[in-house]
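Residue numbers (the UniProt record's numbering): 1 to 150.
Everything labelled a hint here was simulated from the structure, so no lab data went into it. Any given hint could be a false lead.
[Unchecked claim] List time: in silico DSSO-like cross-link candidates among lysine-lysine, alpha-carbon distance up to 30 Å:
1. K52 <-> K84
2. K52 <-> K91
3. K52 <-> K36
4. K76 <-> K89
5. K84 <-> K36
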Amino acid sequence: MELLSEYGLFLAKIVTVVLAIAAIAAIIVNVAQRNKRQRGELRVNNLSEQYKEMKEELAAALMDSHQQKQWHKAQKKKHKQEAKAAKAKAKLGEVATDSKPRVWVLDFKGSMDAHEVNSLREEITAVLAAFKPQDQVVLRLESPGGMVHG
Numbered sequence: 001m002e003l004l005s006e007y008g009l010f011l012a013k014i015v016t017v018v019l020a021i022a023a024i025a026a027i028i029v030n031v032a033q034r035n036k037r038q039r040g041e042l043r044v045n046n047l048s049e050q051y052k053e054m055k056e057e058l059a060a061a062l063m064d065s066h067q068q069k070q071w072h073k074a075q076k077k078k079h080k081q082e083a084k085a086a087k088a089k090a091k092l093g094e095v096a097t098d099s100k101p102r103v104w105v106l107d108f109k110g111s112m113d114a115h116e117v118n119s120l121r122e123e124i125t126a127v128l129a130a131f132k133p134q135d136q137v138v139l140r141l142e143s144p145g146g147m148v149h150g
């Protein structure tokens, strides 16, 4: 009987040591993750190009085959002329100035505790760095709602 109690005490000591080592390892990993906190990434997509392509595909789908061929020829010619003009400007050393107004679209997914507000603040600051007076900003806001205590 004494052997059994000593064996139980030995197992309890081993379990205690293993749990202590696991807890220390978990704390170290947690601290390392906090220190490694990654900066967010900013993804820039040219939506104008996507919408232009969709418009062209729809226009081509509504034409008969003869009209499609003529339209594709005209598009190729237009693209070649644009490329030539851009190449000529580059050769002369002119910087291409894009005076078209831009629409900046920011996606924001909120939460009940509103801890994502810092990332939204950084996104807005980044947009303001490249913002021109004729530009616009659209904020797509997804919020689960919540309650204001006060």
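Just to be careful, I want the Cα atoms of K84 and K36 compared with a cutoff of 30 Å; is the pair within it? Given that 30 Å is the threshold and the Cα spacing comes to 48 Å, the pair is violated.
Please verify whether K76 and K89 have alpha carbons no more than 30 Å apart. 20 Å, holds
Please verify whether K52 and K84 have alpha carbons no more than 30 Å apart. 21 Å, holds
Check whether the Cα positions of K52 and K36 lie no farther apart than 30 Å. Measuring from Cα to Cα gives roughly 41 Å; hence the hint is violated.
Given the hint that K52 pairs with K91, does the C-alpha gap stay at or below 30 Å? Between K52 and K91 the Cα gap is close to 28 Å, so the pair holds against 30 Å.
When held up to the earlier numbered hints, the structure conflicts with 3 and 5 and fits the remainder.
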